[in-house]
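S.K.: Single-letter residue listing:
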Amino acid sequence: MIRLSKVSKQYPRHGAAISDINFELRKGEFCFLTGHSGAGKSTILKLIHMAERPTEGEVRVSGYSSSNIKPAEVSMLRRKIGYVFQDFRLLQQRTAAENIAFALEVTGARPAVIRTKVGKLLSNVGLASKSEKLPSELSGGEQQRIAVARALVNDPLVVLADEPTGNLDERATQGIFELFRSINATGTAVLFATHDLELVRRHAGLRVIELDHGNIVYDSAGAIV
Amino acid sequence: MMYALREALTAFRRAPVLTGLSAAMIALSLFVVGLFGLVAHNVREVIQRVESRVQVVAYLRDDANSAEVNEAQRQIGTYEEVAGVRYVSREEALAIAKQELDELSGIFGNLESNPLPASIEVSLKSGQTGADAVRGVADRLRNFRFVEDVRYGDDWIEKIFVLRRVAAMASLTLGAGFAAVAALIIGAAIRMAVFARRDEITIMRLVGATDAFVRRPFIIEGLITGLIGAVLAVLATWLVFRSLIGSPFEIQWLPASWLYAGVAAGALVGLLASMVAVRRHLREIV
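These protein sequence lines map, in sequence, to chains V and D. Sequential numbering of the first sequence, starting at 15, is according to this note's numbering. Sequential numbering of the second sequence, starting at 42, is according to this note's numbering.
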């Protein structure tokens, strides 16, 4: 479903962010992407989201290729990809429910569909009672749950999570991680970027790809690269 | 579509001064065009009224014989510009002069001989009364042997045409200048609106909104600004028109087609300015 083949990305001022990256993420798979900050985790997520194009190599996502995807197709592809960030990126003037609804509105969904879906997603992430709260009235963990719900509005094939627990305490981290596991259990693939090695160790048995200075140094699916 | 309209209207609430300024500039630019349009339209009306009465008069030598004159009249009647030809004899000319110049009737009455020449008055078809057509007919009349002089009020016809051209040029130049300033201000307003909604735009792109969808509210904002400006311009022009009623000028209001064109022009300026601005500024947001 997602395949990176010999992918390198160089930035004019910062040099190589990643080089010669090869891996595949299958449908319904859960995979940690680890490494210290600056190792290239976010770059890989941006490449999969087609927000960046590789300098070399090819990124293939759900039938689209980075080498020939058109702008209109990028929009369509993104509806199949959920994205969750460390800093939540919620609209501060909108309520929890409105933040989720916004993601549906901009893809042209009908009001009736939006209402039903938002209600369902809020209860899935355990925040049905807080639908009318503004982000500033919610805890960090709750804000991230809203962001996760937003990532799920279009029933994505994969959710990309960029340090989603980076701003959360131990308990909230565990809660969010469990949420991702339950999303994965319904068949949605998850690519979970984190530098929290403790979290990774606690869930041995899940696939781990480790990055160092822009290179894959370990992939549990294919052992040491 | 409802979303785009709602967001466009929100932009007016968010930055009323800037959007108000944009609309005012469009209004000003179209008001200038409107004022000159009013002048141009009324000058045109006057020209048309005058033109419909344009006559070319050929004064004849005293030795012109009637056979020649009759033949000339027949020929002139066949010119494509000519609507009618009338021979005015010397006696008739004197009678008219006495009638029209009442205060001089004493002088005319005491004359021993008639000093006025006979003439051929040529009236032109409507649509053939432009300066070139008139001059063309006059030139051909001069070629007759027995024609002494030809008159057609050439100097003031030229002046009135120049006046009309100047009015048109001035309105277009000034109007275009103000429209350019209006476009720049709309660009600034859109830029502010884009940056005020930076976070939303980022998220819209994140969840797969198309570029057209992201742009639409801004373009609608520009269109509405242009329309408001145009309506204000029409209103301002109308107020000027109202204030001139009762003055020595007999002035007419602009034809409906001109008003529609003006409103369309305002909408177009708003639309194009916002399309260019939103395309440019959206690139600045990742």
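Hints should not be assumed to be uniformly reliable.
[Said to hold, decoys possible] Now the in silico label distances, taken between C-beta atoms and shown as ranges:
hint, chain 1, residue 1, chain 2, residue 2, range
1, V, K84, D, Y44, 45 to 51 angstroms
2, V, N181, D, Y301, 42 to 48 angstroms
3, D, V203, V, P85, 49 to 55 angstroms
4, D, A209, V, T69, 32 to 38 angstroms
5, V, A86, D, Y44, 14 to 20 angstroms
[To be verified] Only some residues are given here: those of chain V computed to face chain D with a beta carbon under 7 angstroms:
hint, residue
6, S89
7, R93
8, Y97
9, A117
10, E119
11, V120
12, T121
13, L220
It should be emphasised that the hints constitute simulated quantities derived from the structure, not laboratory data. Only a predicted model underlies this, so the values are computations on that prediction, with no experimental measurement involved. Where is the CB? At the ideal position from N, CA and C, for every residue including glycine.
S.K.: Now, for every hint given, state plainly whether the structure supports it.
M.R.: Hint check:
no.: 1; hint: V:K84 to D:Y44: 45 to 51 angstroms; in the structure: violated (24 angstroms)
no.: 2; hint: V:N181 to D:Y301: 42 to 48 angstroms; in the structure: violated (57 angstroms)
no.: 3; hint: D:V203 to V:P85: 49 to 55 angstroms; in the structure: holds (54 angstroms)
no.: 4; hint: D:A209 to V:T69: 32 to 38 angstroms; in the structure: violated (57 angstroms)
no.: 5; hint: V:A86 to D:Y44: 14 to 20 angstroms; in the structure: holds (19 angstroms)
no.: 6; hint: S89; in the structure: holds (5 angstroms)
no.: 7; hint: R93; in the structure: holds (4 angstroms)
no.: 8; hint: Y97; in the structure: holds (5 angstroms)
no.: 9; hint: A117; in the structure: holds (4 angstroms)
no.: 10; hint: E119; in the structure: holds (6 angstroms)
no.: 11; hint: V120; in the structure: holds (4 angstroms)
no.: 12; hint: T121; in the structure: holds (6 angstroms)
no.: 13; hint: L220; in the structure: violated (26 angstroms)
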